[in-house]
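J.: Protein chains in written order, with the numbering used here: chain A, 1 to 347; chain B, 1 to 347.
Simulated from the structure, these hints should not be mistaken for laboratory data.
Remember, it's a predicted structure, so these values are computed and weren't measured experimentally.
Yeah, the Cβ is synthetic: ideal placement off N, Cα and C, and Gly gets one too.
Be aware that one or more of the hints could be misleading.
If you anchor each label on the Cβ, the simulated ranges turn out as follows [what the hints assert, rightly or not]:
| id | chain 1 | residue 1 | chain 2 | residue 2 | range |
| --- | --- | --- | --- | --- | --- |
| 1 | A | Gly12 | B | Gly195 | 46 to 56 angstroms |
| 2 | B | Arg275 | A | Gly195 | 28 to 38 angstroms |
| 3 | B | Arg140 | A | Arg140 | 40 to 50 angstroms |
| 4 | B | Glu312 | A | Asp105 | 33 to 43 angstroms |
| 5 | A | Thr2 | B | Glu312 | 19 to 29 angstroms |
2 protein chains.
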Amino acid sequence: MTEYKIALVGFGGVNRALAQLIAERNARWQQELGFSLKIVGVTDLFLGSVIDRNGLDAASLAALPAVKGAFAQLPEGTAEAFNESVIKHSGADIIAEATFTNPKDGEPAATFCRWALETGKHVVTTNKGPIALHGEELKRLTKANGVSFEYEGSVMSGTPVLRLARQTLAGSGVQGFEGILNGTSNYVLTRMEEGLGFAEAVAKAQQLGYAEADPTADVEGHDVRLKVVVLANELLGAHLQVNDVACSGISGITSNDIAQARDSGARWKLIGSARRDADGSVNASVEARLLPSSHPLVGISGATNAVAFDTELLGAVTVSGPGAGRIETAFALLSDIVALHTSGRQA
Amino acid sequence: MTEYKIALVGFGGVNRALAQLIAERNARWQQELGFSLKIVGVTDLFLGSVIDRNGLDAASLAALPAVKGAFAQLPEGTAEAFNESVIKHSGADIIAEATFTNPKDGEPAATFCRWALETGKHVVTTNKGPIALHGEELKRLTKANGVSFEYEGSVMSGTPVLRLARQTLAGSGVQGFEGILNGTSNYVLTRMEEGLGFAEAVAKAQQLGYAEADPTADVEGHDVRLKVVVLANELLGAHLQVNDVACSGISGITSNDIAQARDSGARWKLIGSARRDADGSVNASVEARLLPSSHPLVGISGATNAVAFDTELLGAVTVSGPGAGRIETAFALLSDIVALHTSGRQA
Numbered sequence: 001m002t003e004y005k006i007a008l009v010g011f012g013g014v015n016r017a018l019a020q021l022i023a024e025r026n027a028r029w030q031q032e033l034g035f036s037l038k039i040v041g042v043t044d045l046f047l048g049s050v051i052d053r054n055g056l057d058a059a060s061l062a063a064l065p066a067v068k069g070a071f072a073q074l075p076e077g078t079a080e081a082f083n084e085s086v087i088k089h090s091g092a093d094i095i096a097e098a099t100f101t102n103p104k105d106g107e108p109a110a111t112f113c114r115w116a117l118e119t120g121k122h123v124v125t126t127n128k129g130p131i132a133l134h135g136e137e138l139k140r141l142t143k144a145n146g147v148s149f150e151y152e153g154s155v156m157s158g159t160p161v162l163r164l165a166r167q168t169l170a171g172s173g174v175q176g177f178e179g180i181l182n183g184t185s186n187y188v189l190t191r192m193e194e195g196l197g198f199a200e201a202v203a204k205a206q207q208l209g210y211a212e213a214d215p216t217a218d219v220e221g222h223d224v225r226l227k228v229v230v231l232a233n234e235l236l237g238a239h240l241q242v243n244d245v246a247c248s249g250i251s252g253i254t255s256n257d258i259a260q261a262r263d264s265g266a267r268w269k270l271i272g273s274a275r276r277d278a279d280g281s282v283n284a285s286v287e288a289r290l291l292p293s294s295h296p297l298v299g300i301s302g303a304t305n306a307v308a309f310d311t312e313l314l315g316a317v318t319v320s321g322p323g324a325g326r327i328e329t330a331f332a333l334l335s336d337i338v339a340l341h342t343s344g345r346q347a
Numbered sequence: 001m002t003e004y005k006i007a008l009v010g011f012g013g014v015n016r017a018l019a020q021l022i023a024e025r026n027a028r029w030q031q032e033l034g035f036s037l038k039i040v041g042v043t044d045l046f047l048g049s050v051i052d053r054n055g056l057d058a059a060s061l062a063a064l065p066a067v068k069g070a071f072a073q074l075p076e077g078t079a080e081a082f083n084e085s086v087i088k089h090s091g092a093d094i095i096a097e098a099t100f101t102n103p104k105d106g107e108p109a110a111t112f113c114r115w116a117l118e119t120g121k122h123v124v125t126t127n128k129g130p131i132a133l134h135g136e137e138l139k140r141l142t143k144a145n146g147v148s149f150e151y152e153g154s155v156m157s158g159t160p161v162l163r164l165a166r167q168t169l170a171g172s173g174v175q176g177f178e179g180i181l182n183g184t185s186n187y188v189l190t191r192m193e194e195g196l197g198f199a200e201a202v203a204k205a206q207q208l209g210y211a212e213a214d215p216t217a218d219v220e221g222h223d224v225r226l227k228v229v230v231l232a233n234e235l236l237g238a239h240l241q242v243n244d245v246a247c248s249g250i251s252g253i254t255s256n257d258i259a260q261a262r263d264s265g266a267r268w269k270l271i272g273s274a275r276r277d278a279d280g281s282v283n284a285s286v287e288a289r290l291l292p293s294s295h296p297l298v299g300i301s302g303a304t305n306a307v308a309f310d311t312e313l314l315g316a317v318t319v320s321g322p323g324a325g326r327i328e329t330a331f332a333l334l335s336d337i338v339a340l341h342t343s344g345r346q347a
């Protein structure tokens, strides 16, 4: 029976949900998955940090109030976030990185990943910043240190997409993909089909907590662009940088456009896509597209995400599921740990 | 570099397509997948059999005319099908079983699988008969002989479903599934939505080669029932026999039913489903269901197949893709070989 020692970096909704799952399911995981998890450290810029090499109580962590410096309430805790200590010196086998995505330079998450990989720890992350902006460097570090670096949750939260393509579609000849990769913008388009104007639909998404106070990253395609970079580089062997991907959003779509589309059975969707051309180059874009009623993504409504892979041997294969959510994203971290456990590269 | 010696049992569309893929892609597979395939034997009740331990030319095999006894045209071939010799004595590491599905007792395919497993050969198959009707016995044989038995293609042709659930959804808590698992019946329902009557739609499916001369197995749910048994036993740990699954089809759906459904945004679909209840028992059925417009399977049209998994941590995760086709089903055999290669249990 394997027990992995894990340190949680960033203790917002996702890693807190992971702590909750550990509290509820560790015994079941031992039986079903062949391993259990012991939390040996947690660090968060707002809450502080705590290390206990003998293991922290996951249920108590999950229940800790989300107030500044809250970790100081724990016997071994401090109000200050000793990120480097927790990552390097808590005795963790695995670092679960779930801090915020910085779309400019991926920091400080990328540094957290570097610290972990350089000191021989596996990294699992739901953060698209490090992999989209520093992917090649981090993969070199991963290889040099003989560890695993897994980031399934960076694209569609817990819905499998990277491993689905790499494992279950290996040999099918994935030539490209089209994806609905932002739940907020898809929700907005769905509400517009029900009669709301763009601004009203965005306000509704904000009320429900789908959209940020500043919805730009969602509705202008910037969030999708990072995911397209990850998918294209991972699945098509591209070497794209963020600026290689032409990007526009849905703010120009009018209620009139939506109504006209419906008359022909078509729907407007914000599509992130990439395709390998005959010369081997990969072209990628993010843009609103009018999908015909026969398109595999046309039925994806509301906050659901989906990717349709275009394969040589199977044609279109599509996977859809949640693209966000605390528990859903925490599952992505678990699925990364399952993958590194299965790969036999256990610490 | 690994080279697997493979024997093809049944040389209809699927294994012929596999021979064609081997002819076209072996060099690419060496590079991308880490192995290549050498055909050392082929046997088919109609065409005869041939063995060459030094390897048969895949392109010549793929081009062989589909006439009775055709293998007698080959230097080492005979018009008679020496199935047992080819399976046991061709020197194959892997047996690719792709004979017809016998829904009554799974024979002779089940015997072919037994012969292979008992003599220490891996089995890959697209045939739902052996696994649906003799699954527990064949898995015992597999374990006792330290080989692999893979049958991804038995449910949705090349569209990944068994490994998708077992690998990428491990730990998500799959509690049940609903599937559109028969392309013919889904095509018929889609054409009925376009105005055809049931009989006309079936005739159209027959013209296109989707439906057999006797469409009973497709439209009455018998084909789906076998697939439900496979999925429920594999993914929910059930021990269902075919007769445990209540089964009805779509022949009772009228054009009027279809029209009424459309008025409310709903669609009739033939759904194969199973669910694990609180007491651990698994209930499964095949029946026409009226899906609301919000259902994850409502948008699956034409001959496409799909399964929506109901998971504790992710809610619904849905995969859709082709459910039939020569090349698509041959890919399922390839994906089974990728899986046994990756599992490290190479011969």
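J.: Indicate, hint by hint, whether the structure satisfies it.
T.: Against the structure, the hints:
The hint said 46 to 56 angstroms for the Cβ distance between Gly12(A) and Gly195(B), and at roughly 53 angstroms that hint holds. Between Arg275(B) and Gly195(A) the beta carbon distance is about 36 angstroms. The supplied range of 28 to 38 angstroms therefore holds. The supplied range of 40 to 50 angstroms is met by Arg140(B) and Arg140(A), whose beta-carbon atoms lie about 45 angstroms from each other. The given range of 33 to 43 angstroms is respected by Glu312(B) and Asp105(A), whose C-beta atoms sit roughly 37 angstroms from each other.
As the Cβ distance of Thr2(A) to Glu312(B) is approximately 23 angstroms, the hint placing it in 19 to 29 angstroms holds.
In summary, this structure violates none of the numbered hints.
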